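Trainee: Just so you know, we're using my numbering here: the sequence shown kicks off at 31 and counts up by one.
In short, the hints are calculated from the structure, not lab data.
Here the structure is a predicted model, which is why all the values come from computation and not from measurement.
Among the clues, some could well be false.
Unchecked claim - In the SDA-like style, the derived pairs of lysine to any residue whose C-alpha atoms are separated by at most 25 Å in a straight line are:
| id | residue 1 | residue 2 |
| --- | --- | --- |
| 1 | K124 | V208 |
| 2 | K172 | L87 |
| 3 | K313 | K172 |
| 4 | K313 | G81 |
| 5 | K339 | C185 |
| 6 | K139 | C116 |
| 7 | K134 | L231 |
| 8 | K134 | L59 |
| 9 | K139 | L61 |
| 10 | K134 | I241 |
| 11 | K172 | V184 |
| 12 | K339 | L87 |
| 13 | K313 | L67 |
| 14 | K339 | G81 |
| 15 | K313 | V184 |
| 16 | K313 | T263 |
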Amino acid sequence: MKKATAETISWNESLNKTNHSMVSEFILLGLSDSWELQIFLFVLFCVFYGGIVFGNLVIVITVISDSHLHSPMYFLLANLSLIDLCLSSVTAPKMITDFFSQRKVISFKGCLAQIFFLHFFGGSELVILIAMAFDRYVTICKPLRYTTIMRGNVCVGIAAAAWGTGFLHSVSQLAFAVHLPFCGPNEVDSFYCDLPRVIRLTCTDTYRLEIMIIANSGMLTVCSFVLLIISYTIILMTIQYHPSGRSSKALSTLTAHITVVLLFFVPCIFIYAWPFPIKSLDKFLAVFYSVVTPLLNPIIYTLRNKDMKTAMRWLRQWDVNSGVKS
């Protein structure tokens, strides 16, 4: 009898292990079940993604090509545009192709890859936005020491730290998901894989995992946002009490920086730090975070920045003249 019981327990354990490894793919529920609406969204997001690729590549190429833009602020802006391009490319192409798929499927490894790269580029962008705020702070509050503080090697170090921080953050996020047991439902109520949605499909209690995500991604996002708000408040107070020609010029780009910060951080706070998720709001914020914000960033920086508009006009004229000469 004892032998039979032991065999039964052993068989149940092996069955559980098998069940835990049964999920080899996830089904993405997407944004809508309506075929007409999916056609409309396909066209809309094709236009959006095309604008993201074109706008961010134009900024990167313009900054590299124009020697007048070889400054810390535009170096960081080029990194931001590159990150935005990569961030949207993690989710947008899959979402666009899935509009014509009756069964929107992503493999288990593909899902983990999306989680990794989403947090890799998202964490990198967070650091770049902080660095851009620091650049504006030094420009306005310590103008005489700007060239000393924001040297070329410092800017390269900041960029390396941003990409490195994104990598470490994504590895920590992936560590949560890679060993989780998935034995039951495999439907992700979104158009891409992200940790807060995927952990709800595990066979274990998700409460502690959700708390760990809030403590990791959520607190990191909130603390960075508070730090940025404090830094921009100091900058605005400095401009108010010590106005100058240099600070007035810096103020022209400050509005764009604050707008980009709000567009990036507000969706992230609701996705990763808000403990009471709302499905419809989560999907809207996910679209805003992964598609809309990377499109708006180049628009904000080019339309609000005279140097960028002048450089792009010069670059366009140079291309036309080169074409005529050839």
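Trainee: Please list, smallest to largest, the hint numbers that this structure does not respect.
Mentor: 2, 3, 10, 15, 16
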